[in-house]
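Novice: Protein chains in written order, with the numbering used here: chain A, 1 to 386; chain B, 1 to 189.
Hints listed in this document are in silico derivations from the structure and should not be mistaken for laboratory results. It is possible that some hints are incorrect.
Stated by the list, open to error - Chain B is faced by these chain A residues, among others (derived, beta-carbon under 7 angstroms):
{"no.": "1", "residue": "Thr-180"}
{"no.": "2", "residue": "Thr-224"}
{"no.": "3", "residue": "Trp-236"}
To be verified - Computed list of lysine-lysine pairs in DSBU-like fashion (alpha-carbon distance at most 30 angstroms, straight line):
{"no.": "4", "chain 1": "A", "residue 1": "Lys-202", "chain 2": "A", "residue 2": "Lys-13"}
{"no.": "5", "chain 1": "A", "residue 1": "Lys-13", "chain 2": "B", "residue 2": "Lys-5"}
{"no.": "6", "chain 1": "A", "residue 1": "Lys-22", "chain 2": "A", "residue 2": "Lys-301"}
{"no.": "7", "chain 1": "B", "residue 1": "Lys-2", "chain 2": "A", "residue 2": "Lys-47"}
{"no.": "8", "chain 1": "A", "residue 1": "Lys-96", "chain 2": "B", "residue 2": "Lys-2"}
{"no.": "9", "chain 1": "B", "residue 1": "Lys-5", "chain 2": "A", "residue 2": "Lys-202"}
{"no.": "10", "chain 1": "B", "residue 1": "Lys-33", "chain 2": "A", "residue 2": "Lys-301"}
{"no.": "11", "chain 1": "A", "residue 1": "Lys-96", "chain 2": "B", "residue 2": "Lys-6"}
{"no.": "12", "chain 1": "A", "residue 1": "Lys-178", "chain 2": "B", "residue 2": "Lys-5"}
{"no.": "13", "chain 1": "A", "residue 1": "Lys-374", "chain 2": "B", "residue 2": "Lys-138"}
{"no.": "14", "chain 1": "B", "residue 1": "Lys-138", "chain 2": "A", "residue 2": "Lys-202"}
{"no.": "15", "chain 1": "B", "residue 1": "Lys-55", "chain 2": "A", "residue 2": "Lys-13"}
{"no.": "16", "chain 1": "B", "residue 1": "Lys-138", "chain 2": "A", "residue 2": "Lys-200"}
{"no.": "17", "chain 1": "B", "residue 1": "Lys-8", "chain 2": "A", "residue 2": "Lys-96"}
{"no.": "18", "chain 1": "B", "residue 1": "Lys-8", "chain 2": "A", "residue 2": "Lys-343"}
{"no.": "19", "chain 1": "B", "residue 1": "Lys-55", "chain 2": "A", "residue 2": "Lys-202"}
{"no.": "20", "chain 1": "A", "residue 1": "Lys-13", "chain 2": "B", "residue 2": "Lys-2"}
{"no.": "21", "chain 1": "B", "residue 1": "Lys-2", "chain 2": "A", "residue 2": "Lys-22"}
{"no.": "22", "chain 1": "A", "residue 1": "Lys-47", "chain 2": "B", "residue 2": "Lys-55"}
{"no.": "23", "chain 1": "B", "residue 1": "Lys-8", "chain 2": "A", "residue 2": "Lys-22"}
{"no.": "24", "chain 1": "B", "residue 1": "Lys-62", "chain 2": "A", "residue 2": "Lys-47"}
{"no.": "25", "chain 1": "B", "residue 1": "Lys-68", "chain 2": "A", "residue 2": "Lys-13"}
{"no.": "26", "chain 1": "A", "residue 1": "Lys-22", "chain 2": "B", "residue 2": "Lys-68"}
{"no.": "27", "chain 1": "A", "residue 1": "Lys-200", "chain 2": "B", "residue 2": "Lys-55"}
{"no.": "28", "chain 1": "B", "residue 1": "Lys-62", "chain 2": "A", "residue 2": "Lys-96"}
{"no.": "29", "chain 1": "A", "residue 1": "Lys-301", "chain 2": "B", "residue 2": "Lys-8"}
{"no.": "30", "chain 1": "B", "residue 1": "Lys-138", "chain 2": "A", "residue 2": "Lys-22"}
{"no.": "31", "chain 1": "B", "residue 1": "Lys-6", "chain 2": "A", "residue 2": "Lys-47"}
{"no.": "32", "chain 1": "A", "residue 1": "Lys-178", "chain 2": "A", "residue 2": "Lys-109"}
{"no.": "33", "chain 1": "B", "residue 1": "Lys-5", "chain 2": "A", "residue 2": "Lys-96"}
{"no.": "34", "chain 1": "B", "residue 1": "Lys-68", "chain 2": "A", "residue 2": "Lys-200"}
{"no.": "35", "chain 1": "A", "residue 1": "Lys-13", "chain 2": "B", "residue 2": "Lys-62"}
{"no.": "36", "chain 1": "A", "residue 1": "Lys-200", "chain 2": "B", "residue 2": "Lys-5"}
{"no.": "37", "chain 1": "A", "residue 1": "Lys-96", "chain 2": "B", "residue 2": "Lys-55"}
{"no.": "38", "chain 1": "A", "residue 1": "Lys-202", "chain 2": "B", "residue 2": "Lys-6"}
{"no.": "39", "chain 1": "A", "residue 1": "Lys-343", "chain 2": "A", "residue 2": "Lys-96"}
{"no.": "40", "chain 1": "A", "residue 1": "Lys-202", "chain 2": "B", "residue 2": "Lys-8"}
All C-beta atoms in this analysis are idealised placements derived from N, C-alpha and C, irrespective of residue type, glycine included.
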Amino acid sequence: MQRITTRERQDWKNLANMLGFKFHTIDGDLYWDESAYYRFTLNQVEKDIEDPTEEIHQMCMDLVDRAVSDEVMLKRLRIPELHWDHIRDSWNRRDKHLYGRMDFSYNGKGPAKFLEYNADTPTSLYESAFFQWVWLEQCIERGLLPANCDQYNSIQEHMIEAFAQINPPQPLYFACCKDTDEDRGTVQYMEDCAVQAGLKTKFIYIDDIGVSPDGQFTDLEGYTIPSLFKLYAWEWLMTEEYGSFIPNSDTWFIEPAWKSILSNKSILPLLWELHPNHPNLLPSYFEDEQRNISTHSGWVKKPIFSREGSNISVVVDGNVCERVDGPYDDSGYILQSYAPLPKFGDSYTVIGSWVVADRPCGMSVREDNSVITKDSSRYLPHVILD
Amino acid sequence: MKRSKKIKLTIMGLSPLALTACSDKPVDMLVYKTLDECASDRYYSMDQCEIEFKKAVSERHKTSPKYKYLSDCESDFGRNRCVDRGAIYTPIPSAYMLPIPRSHQREENYYGGSGGISQPIYTSRDDYGHYRTGDNQKVGQSGQTGRISTSTSRTKSPSIKSTTVSRGGFGSQASARGSWGSGGRSFGG
Numbered sequence: 001m002q003r004i005t006t007r008e009r010q011d012w013k014n015l016a017n018m019l020g021f022k023f024h025t026i027d028g029d030l031y032w033d034e035s036a037y038y039r040f041t042l043n044q045v046e047k048d049i050e051d052p053t054e055e056i057h058q059m060c061m062d063l064v065d066r067a068v069s070d071e072v073m074l075k076r077l078r079i080p081e082l083h084w085d086h087i088r089d090s091w092n093r094r095d096k097h098l099y100g101r102m103d104f105s106y107n108g109k110g111p112a113k114f115l116e117y118n119a120d121t122p123t124s125l126y127e128s129a130f131f132q133w134v135w136l137e138q139c140i141e142r143g144l145l146p147a148n149c150d151q152y153n154s155i156q157e158h159m160i161e162a163f164a165q166i167n168p169p170q171p172l173y174f175a176c177c178k179d180t181d182e183d184r185g186t187v188q189y190m191e192d193c194a195v196q197a198g199l200k201t202k203f204i205y206i207d208d209i210g211v212s213p214d215g216q217f218t219d220l221e222g223y224t225i226p227s228l229f230k231l232y233a234w235e236w237l238m239t240e241e242y243g244s245f246i247p248n249s250d251t252w253f254i255e256p257a258w259k260s261i262l263s264n265k266s267i268l269p270l271l272w273e274l275h276p277n278h279p280n281l282l283p284s285y286f287e288d289e290q291r292n293i294s295t296h297s298g299w300v301k302k303p304i305f306s307r308e309g310s311n312i313s314v315v316v317d318g319n320v321c322e323r324v325d326g327p328y329d330d331s332g333y334i335l336q337s338y339a340p341l342p343k344f345g346d347s348y349t350v351i352g353s354w355v356v357a358d359r360p361c362g363m364s365v366r367e368d369n370s371v372i373t374k375d376s377s378r379y380l381p382h383v384i385l386d
Numbered sequence: 001m002k003r004s005k006k007i008k009l010t011i012m013g014l015s016p017l018a019l020t021a022c023s024d025k026p027v028d029m030l031v032y033k034t035l036d037e038c039a040s041d042r043y044y045s046m047d048q049c050e051i052e053f054k055k056a057v058s059e060r061h062k063t064s065p066k067y068k069y070l071s072d073c074e075s076d077f078g079r080n081r082c083v084d085r086g087a088i089y090t091p092i093p094s095a096y097m098l099p100i101p102r103s104h105q106r107e108e109n110y111y112g113g114s115g116g117i118s119q120p121i122y123t124s125r126d127d128y129g130h131y132r133t134g135d136n137q138k139v140g141q142s143g144q145t146g147r148i149s150t151s152t153s154r155t156k157s158p159s160i161k162s163t164t165v166s167r168g169g170f171g172s173q174a175s176a177r178g179s180w181g182s183g184g185r186s187f188g189g
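Modelling step: build the complete structure from the supplied sequences, incorporating the hints.
Specialist: And the structure:
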């Protein structure tokens, strides 16, 4: 695993704009950064990232299977009781899921350490699945990279296949929040994949969803929503005003309700309980088990529900050495042993490993100036070259 | 190779690939106003017609447009064209649309997509000239009987016109958290 500085494609911003990548620069800060790329060996990708991703995903599915019928676990996961039944139903029906991204701390050697699983609303999909792929093809074509370079990235073809397999009642609505180019771009890209899978699609903002007299979700013209992909966290949907309509609604949700179990940081202590000393897992505990962490010199305090690195603190030898404030301080915390991100130059690097349906199929690399990866992080492409 | 061999975009951006893929396949369906009309055509026997009509009626309970107020329903479908189904008003179907039986699909060297479901169709006040499905898709001229040509997307179980009694019950946490500091360029993560 190396970080290699390189020449940018001179016309990449123009190309990004042409290809609907509006968030390559956010509030004046570069987000897509091709002034460098990461190089991995095939063995690193397959043995250290792909295999553990598959294994941890299976461990997570096993955890869901236990949790849906275990009230103690559902409570520890802070899932509101109103939703227990329909979460269990969605699991027992085996409602198909679409995608997720695991984050790993990995420096090219030794076991990659699993940091968390964004299995409900992952972003950075478009840049991973599409724009990164275009970058590699063009760099090879222009002689900037050798022709035998490859990339761990068949995300798009698996997304299309997964949409075709799910084949929900249609039209399938795609929804996200207003005023965020990044989320809008991500769902537009997903809608594109769904159209390529032959599905009929529509778009609606989360805030514009309505409810009919018989408790069905409706669009702006009053049509019921047969199926909904929502780039909006389950824990929010369940606790907001319309949350009480979800259990009886006919809308088919993607991700399915059982994914609310996996997008939750409580899975980290639960996985550690079930698989202690697994080489890819970090010792993790609930906040009230704090006594267990004294033997670990550094640990990270993460909110059970949070986004983009908010409200995370890193404590080493009793001192808070890094902290990000934020709006996610209302859900309780878990503690995870500290596995520092590797530093390349001035940047700390985190690996994202993509799972589509149940299949690991791609990778992304993000850099931040601090050990906590935040929404100010930059996206860098990668290649596989032995 | 660990990457996709070929990928493209269809609806996103201004790329030269931005042609909308058309997944719709043509399909023929049958339209009848009454059981007699159905039975006198060559596709279904009287018994089969009854079975298909029953399926369409049960589909109607799920997929007919629904209104909270009679006046809203009548303003879309016309006077005396709506019925009370217990706190909800729904329009009276103008006819029923049935799939072509499989036996005939074979005999006739039929190339259409596999047929849709039996369902009621309606005529609305703003367009008496056409039949429409429960989700307001045109499926042929009103008054037509027997075989019509349409497309598969119009013959599946439809999304339904409904009265919306409230809006905006989702999204509050994003807006609350989005206003925190400068944060929140994404609510995914």
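Novice: If a hint holds in the structure, say so; if it doesn't, say that too.
Specialist: Consistency of the hints with the structure:
1. Thr-180: Nearest chain B Cβ about 6 angstroms off; hint holds.
2. Thr-224: Holds: closest Cβ of chain B sits about 5 angstroms from A/Thr-224, inside 7 angstroms.
3. Trp-236: 4 angstroms, holds
4. A/Lys-202 x A/Lys-13: Judged against 30 angstroms, a Cα distance of about 28 angstroms means the pair holds.
5. A/Lys-13 x B/Lys-5: Holds: A/Lys-13 and B/Lys-5 sit about 24 angstroms apart, inside 30 angstroms.
6. A/Lys-22 x A/Lys-301: 33 angstroms, violated
7. B/Lys-2 x A/Lys-47: This hinted pair holds, its Cα atoms lying about 13 angstroms apart.
8. A/Lys-96 x B/Lys-2: Roughly 25 angstroms between the alpha carbons, so the hint for A/Lys-96 and B/Lys-2 holds.
9. B/Lys-5 x A/Lys-202: Satisfied, since the Cα-Cα distance of roughly 28 angstroms is no more than 30 angstroms.
10. B/Lys-33 x A/Lys-301: 67 angstroms, violated
11. A/Lys-96 x B/Lys-6: 26 angstroms, holds
12. A/Lys-178 x B/Lys-5: 34 angstroms, violated
13. A/Lys-374 x B/Lys-138: With a Cα-Cα distance of about 49 angstroms, the restraint between A/Lys-374 and B/Lys-138 is violated, given a limit of 30 angstroms.
14. B/Lys-138 x A/Lys-202: 18 angstroms, holds
15. B/Lys-55 x A/Lys-13: 55 angstroms, violated
16. B/Lys-138 x A/Lys-200: 16 angstroms, holds
17. B/Lys-8 x A/Lys-96: 25 angstroms, holds
18. B/Lys-8 x A/Lys-343: 35 angstroms, violated
19. B/Lys-55 x A/Lys-202: 28 angstroms, holds
20. A/Lys-13 x B/Lys-2: Judged against 30 angstroms, a Cα distance of about 26 angstroms means the pair holds.
21. B/Lys-2 x A/Lys-22: Between B/Lys-2 and A/Lys-22 the Cα gap is close to 27 angstroms, so the pair holds against 30 angstroms.
22. A/Lys-47 x B/Lys-55: 54 angstroms, violated
23. B/Lys-8 x A/Lys-22: 17 angstroms, holds
24. B/Lys-62 x A/Lys-47: Status violated; Cα separation ~50 angstroms.
25. B/Lys-68 x A/Lys-13: 51 angstroms, violated
26. A/Lys-22 x B/Lys-68: The given pair, whose Cα atoms are some 42 angstroms apart, is violated under the 30 angstroms limit.
27. A/Lys-200 x B/Lys-55: Judged against 30 angstroms, a Cα distance of about 24 angstroms means the pair holds.
28. B/Lys-62 x A/Lys-96: 23 angstroms, holds
29. A/Lys-301 x B/Lys-8: Status violated; Cα separation ~41 angstroms.
30. B/Lys-138 x A/Lys-22: Status violated; Cα separation ~36 angstroms.
31. B/Lys-6 x A/Lys-47: 25 angstroms, holds
32. A/Lys-178 x A/Lys-109: 41 angstroms, violated
33. B/Lys-5 x A/Lys-96: With a Cα-Cα distance of about 26 angstroms, the restraint between B/Lys-5 and A/Lys-96 holds, given a limit of 30 angstroms.
34. B/Lys-68 x A/Lys-200: 28 angstroms, holds
35. A/Lys-13 x B/Lys-62: Given pair A/Lys-13, B/Lys-62 is violated - Cα atoms ~49 angstroms apart, limit 30 angstroms.
36. A/Lys-200 x B/Lys-5: 25 angstroms, holds
37. A/Lys-96 x B/Lys-55: 28 angstroms, holds
38. A/Lys-202 x B/Lys-6: Holds. A/Lys-202 to B/Lys-6 sits at ~25 angstroms (cutoff 30 angstroms).
39. A/Lys-343 x A/Lys-96: 38 angstroms, violated
40. A/Lys-202 x B/Lys-8: 20 angstroms, holds
The structure fails hints 6, 10, 12, 13, 15, 18, 22, 24, 25, 26, 29, 30, 32, 35, 39 (numbered hints given earlier, in ascending order).
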